[in-house]
Amino acid sequence: MSNILEGLMNDISQDILEKASQGDLEAFERVYKSASGFVYNVALRVSRNSADAQEVTQDVFMKIYRNLKGFQFRSAFRTWVYRITVNSAINHYRKSCREEKDKADYQGIIETIPGSGSAADKAVQNDNETRLKALLELLSPQHRACLVLREIEGLSYQEIAASLKIPVNTVRSRLKRARQALLEQAGKDQVQDEL
Amino acid sequence: MNCKDIRELLKSDYLDNEAGLRQEQDVKEHLDRCPECRAVEKKLRSQRLLFENAGRFQPPEQVWRNIREAIVNERMKEEDPVRPTLIERLRGLIWSQRPVFAVVRVMAMMIFAVVLAGGILRRQQLINQEINSDIISAYSFSSDNGELARDMGTSIEEYFL
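Taken in order, these protein sequences are the chains called C and Y. The first sequence lines up with residues 1 to 195 when you count with my numbering. The second sequence lines up with residues 1001 to 1161 when you count with my numbering.
Keep in mind that the hints were calculated from the coordinates and are not lab data. There's no promise every hint is true.
Said to hold, decoys possible - Taking lysine-lysine and the DSS-like style, the derived pairs with C-alpha atoms no more than 30 Å apart in a straight line are:
#1 Y:K1028 - Y:K1043
#2 C:K69 - Y:K1077
#3 Y:K1004 - C:K133
#4 Y:K1042 - C:K133
#5 Y:K1028 - C:K188
#6 C:K188 - C:K176
#7 C:K63 - Y:K1077
#8 C:K95 - C:K165
#9 C:K165 - C:K176
#10 Y:K1043 - C:K188
#11 C:K33 - C:K133
#12 Y:K1028 - C:K176
#13 Y:K1004 - C:K188
#14 C:K19 - Y:K1077
#15 C:K122 - C:K33
#16 C:K165 - Y:K1004
#17 C:K33 - Y:K1077
#18 C:K176 - Y:K1043
#19 Y:K1043 - C:K122
#20 C:K133 - Y:K1043
#21 C:K122 - Y:K1042
#22 C:K69 - C:K19
#23 Y:K1042 - C:K176
#24 Y:K1077 - C:K95
#25 Y:K1004 - C:K176
#26 C:K188 - Y:K1042
#27 C:K176 - C:K133
#28 C:K133 - C:K122
What the hints assert, rightly or not - Which stretches of chain Y does chain C cover? Using the computed rule of at least three CB atoms under 8 Å from a CB of chain C, they are:
#29 1004-1013
#30 1043-1049
Claimed, not checked - Between beta-carbon pairs, the in silico distance windows are:
#31 Y:Q1023 - C:A76: 30 to 38 Å
#32 Y:P1060 - C:A119: 20 to 28 Å
#33 Y:L1021 - C:K95: 39 to 47 Å
A quick note: this is a predicted structure, and the numbers were derived from the prediction, not measured. Idealized CB from N, CA, C, for every residue including glycine.
Using the sequences and the hints given, assemble the complete structure.
Below, the structure written as structure tokens:
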């Protein structure tokens, strides 16, 4: 899983970042291509809605563009992108909750599943997505963000703590609670199936 | 370690490969002899499969086009900033959507209404006073020097009086 992250943003050289920070739009497009997958996927899992995830992605990259000059080191840049992404996604989720527009957009996600694979594969993947989304919806945005960063994006506890600006022990306890909630739900589902 | 401790580790460090060698060994030994904790581990790992099989999506092309457009627009504004005139700034302040400006607007309107109403009432009072003084002087029989008023009516009335 961590290979995803190694590919992500590791191909952004210091040179590209410097050019992008000086306003080079082509360099910034390379930054976008390298990091947009991570940003969009985290936004999608935390906000649960493809339209919201697109808005979050736009917001995140506009923030990166406006503040890029302040970042000199690649590691800081990665952590910074993780932090902006999670914070923007959580804020967007809360906002959409306030506006009562937080209906899960399953169709939106299913439509964006890559076209490769047989119909059976797609059906399995759609089923997986639906179950995953239903489980993630049980969690608070903070717990969801922790779990997504760990399970889908493969960040270490240290990286999650640095990204969210929380102690490692808080990361640990959030993951425990999130998994406990998922286990309890799985237990309920099993009882219902047996009935 | 008891089952509770082991399950705490299962839900965090052990599952995430963050446990130390000693902890990992303890958990493995416990799992070998505890079927309940093994069942919990199995459930956790099967749940993890959902995440491992989660699809990775790319944002639609439109997202980059929107970002690019926003950047170009921002740059144009930076290069050619249209500075608002004083009147435009004042207008912006007056019609600002911020609550504090809304309160100020309402208060200003109330003060204006009170001042306007006060002015109208005062004017009305002055007019009334003027009319009253006219009536009083018109119907008064005495003047300043104690003589009868000259403008009491027609000449016949004045003759008889």
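Here is how each hint holds up against the structure:
| no. | hint | result |
| --- | --- | --- |
| 1 | Y:K1028 - Y:K1043 | 16 Å, holds |
| 2 | C:K69 - Y:K1077 | 19 Å, holds |
| 3 | Y:K1004 - C:K133 | 29 Å, holds |
| 4 | Y:K1042 - C:K133 | 21 Å, holds |
| 5 | Y:K1028 - C:K188 | 28 Å, holds |
| 6 | C:K188 - C:K176 | 18 Å, holds |
| 7 | C:K63 - Y:K1077 | 17 Å, holds |
| 8 | C:K95 - C:K165 | 22 Å, holds |
| 9 | C:K165 - C:K176 | 18 Å, holds |
| 10 | Y:K1043 - C:K188 | 13 Å, holds |
| 11 | C:K33 - C:K133 | 26 Å, holds |
| 12 | Y:K1028 - C:K176 | 19 Å, holds |
| 13 | Y:K1004 - C:K188 | 21 Å, holds |
| 14 | C:K19 - Y:K1077 | 21 Å, holds |
| 15 | C:K122 - C:K33 | 26 Å, holds |
| 16 | C:K165 - Y:K1004 | 29 Å, holds |
| 17 | C:K33 - Y:K1077 | 26 Å, holds |
| 18 | C:K176 - Y:K1043 | 14 Å, holds |
| 19 | Y:K1043 - C:K122 | 24 Å, holds |
| 20 | C:K133 - Y:K1043 | 18 Å, holds |
| 21 | C:K122 - Y:K1042 | 26 Å, holds |
| 22 | C:K69 - C:K19 | 10 Å, holds |
| 23 | Y:K1042 - C:K176 | 16 Å, holds |
| 24 | Y:K1077 - C:K95 | 29 Å, holds |
| 25 | Y:K1004 - C:K176 | 12 Å, holds |
| 26 | C:K188 - Y:K1042 | 17 Å, holds |
| 27 | C:K176 - C:K133 | 19 Å, holds |
| 28 | C:K133 - C:K122 | 16 Å, holds |
| 29 | 1004-1013 | holds (count 4) |
| 30 | 1043-1049 | holds (count 4) |
| 31 | Y:Q1023 - C:A76: 30 to 38 Å | 31 Å, holds |
| 32 | Y:P1060 - C:A119: 20 to 28 Å | 23 Å, holds |
| 33 | Y:L1021 - C:K95: 39 to 47 Å | 45 Å, holds |
Hint check: no violations occur; every hint is consistent with the structure.
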